[in-house]
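Note that the protein sequences, when read in sequence, are chains S, P and X. Numbering follows the working numbering, in which position 144 of the first sequence is assigned residue number 426; successive positions increment by one, without gaps. Numbering follows the working numbering, in which position 47 of the second sequence is assigned residue number 63; successive positions increment by one, without gaps. Numbering follows the working numbering, in which position 341 of the third sequence is assigned residue number 353; successive positions increment by one, without gaps.
It is possible that some hints are incorrect.
As the list claims (entries may be wrong) - Computed footprint of chain S on chain X; a stretch qualifies when at least three of its residues, placed anywhere within it, have a C-beta under 8 Å from a C-beta of chain S:
id	stretch
1	39 to 48
2	75 to 82
3	189 to 196
4	258 to 267
Hints in this document: simulated from the structure, not taken from any laboratory. Source: prediction; values computed, not measured. Ideal placement from N, C-alpha and C gives every residue a C-beta, glycine not left out.
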Amino acid sequence: MSLSASGVLTTEYLKEIGKYPSEERMKQGPVAVCECVEKIPCNPCESSCPFHAITIGENISELPCVTWGKCTGCGSCIPACSGLAVFVLNKSYSDEVGSVAFPYEYNYTFQVGDVVGAADRSGKRVCDGVIKRIVNTKKADRTTVVTLEVPIAFVDEVRSIYRERRS
Amino acid sequence: MRVESHPVLGKLEEAPMVTITVDGKELKARKGEMILAALLANGIIVNRYTRKRHEPRGLFCGIGQCTDCMMTVNGIPNVRTCITPVEDGMKIEVQDGLGVWRDEN
Amino acid sequence: MSAAIEAASAGVKVLVIDANEKAGGQLFKQIHKFFGSSMHRAGVRGIDIGRELLEKCEELGVEIWLDSLAIGIYDNLRVAVDRKTGFNEHKMILVEPKKIVIATGASENAVRFPGWTLPGVMGAGAAQTMINFHRVLPGKKVLTIGSGNVGLIVSYQLMQAGAEIEGIVEALPKINGYAVHASKLTREGIPIYTGYTVLEAHGKERVSEAVIAKVNPDWSTIPGTEKTIEVDTIAIAAGLKPLTGLAHMAGCQLTFDRFLGGWAPIHNEHMETTVPGIYIAGDSTGVEEANTAIEEGKLAGTAIAASLGYLDEKEADALQEAAWERLKGLREGAHGAERTQAKEHQLHAYAEYMERRGEVG
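Use the sequences and the hints to build the structure in full.
Here it is in structure tokens:
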């Protein structure tokens, strides 16, 4: 199913349109990916980047473009995105594990070190993950940024914490 | 049910409480909140029954436009509870049909 | 509010009449960060923008009457106001301003199906008002009807408030709102049923289940595709329509445009309607976003200040031009083309109407 029919984006599509960092880049260290593929008049991600690694330009409806070489993976853009669509991926730890940092705006009880279910873009539980960091800066304005360590094969898929559903 | 803690709005601030009665039953409400909110916090969702078919009605628009949440308050029928704040000692009744005016004094 | 601020900054004496217990319209229910240009408060939550506007009004000495309903506009811009003074107590007041801005917003559309009147079936905006403003949960197991931005955002906010979204039903074969709003929900496992409609709701004193089914391209339902979902709440997000009562009654000319939510008053580039002295801004002249409403308010506010002699023409022109430039930016992108065209159509309709009237009169 397409994004417009399901609401679920795929890594393949992001790669196809050139909005996904290379394996090589992810192995070098953390890097931001803007999963924003639809024109929206919006540009806080661009102005939030201290390294000018995200470009939108004069017309604020253009898609954000990350310059992988300039991005340090600092994650300032994660809570800046009103659409909660920016993630920081890292495959540099080892050959076994990597991490995904994502925005989280729900009440939570988990703590650093906890093992939680990790969900992909469709909410499906794909693996377990370990909470590495929970950051709540004043600038992030009540958008928590959670960093989850997951098996390296799932870094491209994990985008949230698995939510137990009754139905 | 009240939204006690919220990731963006934070903890629900303490508020002085008042007592209202709903169909004779005493309930606590936050001072100044809308009657409808106090009822929802206490799990009450039916505000009135329609005149002809006696069907239940409850919150629909929440901003005083649709009149589905009308109840009899202090003997006055057709009070839009979503935009009427509680007062201590208020007598609230689930309204049947168009309701009847009553002198509470 | 934004019209009031612009006019008051220039020195105009401003009175805001608001039917609600708090001024600022729907901003105090918008707890999410707004899209837009970071030069103009994008990335800031609606509630905080509302708070800033209120503070600014206070600073400028704008008078605000709450719980006050403007029930009619009569000849020579006289406004009748019904002021609530206590439980079941009202007072009628006649206000005689030099200029009027109508910014009455919009109201929710309903979807009718057997069972739609059951308690627990409500507008999505009503659910949002309950959780974010009154801080009570209207229910715990919610089905949302409509996948426009309102349906998606309210579903997300219901989850933030502690409810479970059982699903989102969309009759179109595609999601109507922004994909990023949809993705926030899908990664939490919320099913979005595109190409489905709600057939009926069951329940006695409250809705207890909803039956949904697939629809054909001609909107008829496909037998055998019914699915029953256990819910205690159905939130209807089927779009908004401008609240035009006051403007219509005052004699403002309206046009119909489906991309703006239906009938809405036409106006010139200063937001002045076909009734001289009556201006309009925000959703009441076509349903759009909060950020476009704020810009339209600025246009009306500066135009009024200029016409009353509080702002010299050059200065006013520059402010207006900047606001139009921002509006142009905000009306770009995936959902902007239709809106841009519809708003241009309103300007043309105004020009045509005034010309015609000039010929007759």
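To see whether the hints hold, each was checked on the structure:
no., hint, verdict
1, 39 to 48, "holds (count 5)"
2, 75 to 82, "violated (count 0)"
3, 189 to 196, "holds (count 7)"
4, 258 to 267, "violated (count 0)"
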